[in-house]
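**Q** Below are the chains, spelled out letter by letter.
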Amino acid sequence: MNTSRKPSVSRYLYTFLIIWLLWYGFTTSLQPAEWITGAVVAALISFVTVRYFECCDPILFAPKHIVWFVAYFFVFLLALVKANFDVARRVLSPQLPINPGVVKFKTRLKNRFARMVLANSITLTPGTLTVDVVDDTYYIHWIDVKTTEPDAVYREVAWPFERILLKIYGE
Amino acid sequence: MTAIVINIALFFIGLGLFLGLMRFVKGPTAADRAVATDTLSVIGIAGLVLLAYVFGRYIYVDLALVYAVLGFIGIIVIARFIERAL
Amino acid sequence: MNWIFDILYYAGLFLILLGSVFLFLGALGIYRMPDLYNRLQAGTKASTLGAMSTILGVGLVHPQWFVKLFIIVLFIAFSNPLSSHALARASHRSGVKPFLKEGGEDAYAEEVAAEKARETEKSTL
Chain A
1 MNTSRKPSVS
11 RYLYTFLIIW
21 LLWYGFTTSL
31 QPAEWITGAV
41 VAALISFVTV
51 RYFECCDPIL
61 FAPKHIVWFV
71 AYFFVFLLAL
81 VKANFDVARR
91 VLSPQLPINP
101 GVVKFKTRLK
111 NRFARMVLAN
121 SITLTPGTLT
131 VDVVDDTYYI
141 HWIDVKTTEP
151 DAVYREVAWP
161 FERILLKIYG
171 E
Chain B
1 MTAIVINIAL
11 FFIGLGLFLG
21 LMRFVKGPTA
31 ADRAVATDTL
41 SVIGIAGLVL
51 LAYVFGRYIY
61 VDLALVYAVL
71 GFIGIIVIAR
81 FIERAL
Chain C
1 MNWIFDILYY
11 AGLFLILLGS
21 VFLFLGALGI
31 YRMPDLYNRL
41 QAGTKASTLG
51 AMSTILGVGL
61 VHPQWFVKLF
71 IIVLFIAFSN
81 PLSSHALARA
91 SHRSGVKPFL
101 KEGGEDAYAE
111 EVAAEKARET
121 EKSTL
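Chains as they are written, first to last, in the numbering used here: chain A, 1 to 171; chain B, 1 to 86; chain C, 1 to 125.
Any given hint might turn out to be false.
Listed next, the stretches of chain C that the computed footprint assigns to chain A, with coverage defined by at least 3 CB atoms under 8 Å from CB atoms of chain A [what the hints assert, rightly or not]:
| # | region |
| --- | --- |
| 1 | 15-27 |
| 2 | 30-36 |
| 3 | 88-100 |
| 4 | 107-114 |
Partial pick of chain C residues on the chain B-facing surface, computed with a CB cut under 10 Å [unchecked claim]:
| # | residue |
| --- | --- |
| 5 | 3 |
| 6 | 57 |
| 7 | 84 |
None of these hints come from the bench; they were simulated from the model.
Just so you know, even glycine gets a beta-carbon here, dropped at the ideal spot from N, CA and C.
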């Protein structure tokens with residue numbers, strides 16, 4: 001990802017609009033003073049952060065992607081609820097059934113925002129916690145290690161999410 | 001009915017805050033205390049929102065939002081500090 | 001139309017109860033688990049869903065506040081895993097060893113050691 005090239009004007013405008021909308025969400029007030037303050041703040045922030053703002057390219061909101069976003073949401077929600085019942089089972093049982101270890105795998109995603117989403121999703125799914133991401137290698141703390149082979153870890157931990165993220169963000 | 005549910009929820013949240021505080025007091029290393037702080041701040045945000053409903057004060061919701069942002073930044077700063085200094 | 005709001009109201013109460021139980025379980029995990037990484041595991045997952053569910057429940061019970069509460073939920077969903085990742089990484093690099101049973105593997109230790117070796121090599125050149 002090349003961040004040193006100069007961003008275009010429409011890129012600035014798009015960042016500005018998203019941050020302004022976020023400001024409206026924070027204040028939830030329709031008074032003109034709020035809107036003007038929001039515009040000034042959003043202009044400043046978009047000027048500084050436009051290089052790192054790669055989460056919400058307009059092309060991602062194409063209709064065929066919306067289906068995948070919804071699918072991702074439900075897969076993630078199911079995993080989150082399962083993770084919580086898993087935690088409840090482990091915490092409440094008297095002898096603490098854990099067999100922890102740190103394992104690693106390599107991802108196929110290129111987009112940095114997609115990598116962050118994958119890391120966050122792995123943290124919130126049953127029994128896994130992202131310790132670090134070095135280039136394309138994820139280091140995962142696994143509370144109940146079943147395998148340490150990177151490919152098997154990849155299939156077990158990352159595949160349900162990365163399958164959908166690859167559809168949205170491409171390889 | 002509503003009052004009973006809210007009271008039970010506040011009871012569990014208070015118990016959670018107490019257990020987090022116990023870990024904060026015991027925690028052998030600074031990193032353990034940081035973990036306890038992280039969880040305590042999230043539990044505190046949920047408690048603030050619930051109290052906002054109980055007392056009917058919208059300003060507590062703003063407070064919870066600000067606390068969420070500041071708690072996150074604080075944890076990041078503490079993590080950087082632990083990484084470099086210990 | 002009123003019955004829709006009634007259903008939402010009771011769903012909200014249920015979410016509040018469920019969320020507070022999970023918050024309690026997260027704190028119990030923080031208290032009981034044997035080492036820092038397992039504590040982070042239990043604490044992060046349970047407190048994230050617990051806080052999200054409690055706050056959404058209040059949003060359903062009191063629909064006028066829903067927008068701002070939803071923003072808090074989104075912020076928690078993004079920020080909580082990030083802060084737990086930062087804490088795990090920082091404490092591993094500062095030398096907190098993960099609790100391992102017999103034959104447990106710590107792949108990240110090799111990476112940290114390799115990085116340290118590269119840095120000393122660079123500084124000696």
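**Q** Does each hint fit the structure? Answer for all of them.
**A** Quick rundown of the hints versus the structure:
Against chain A, the region 15-27 of chain C contributes 3 residues with a C-beta closer than 8 Å to a partner C-beta. That satisfies the three-residue criterion, and the hint holds. Proximity of the region 30-36 of chain C to chain A, defined as three or more residues with a beta carbon under 8 Å from a beta carbon of that chain, is established by the 4 residues found. Taking a C-beta to C-beta cut-off of 8 Å, the region 88-100 of chain C contributes 6 residues in contact with chain A, enough for the three needed, and the coverage statement holds. Only residues whose C-beta sits within less than 8 Å of a C-beta in chain A count toward coverage, and the region 107-114 of chain C has 4 of them, enough to reach three; the restraint holds.
The beta carbon of residue 3 (chain C) comes no nearer than 17 Å to any beta carbon in chain B, farther than 10 Å, and the hint placing it at the interface is violated. Taken as an interface hint, residue 57 (chain C) checks out: its beta carbon lies about 9 Å from the nearest beta carbon of chain B, inside 10 Å. Restraint check, residue 84 (chain C) versus chain B: the minimum CB separation of about 7 Å is within 10 Å; hint holds.
Figure legend: structure checked against the earlier numbered hints; the only hint not met is number 5.
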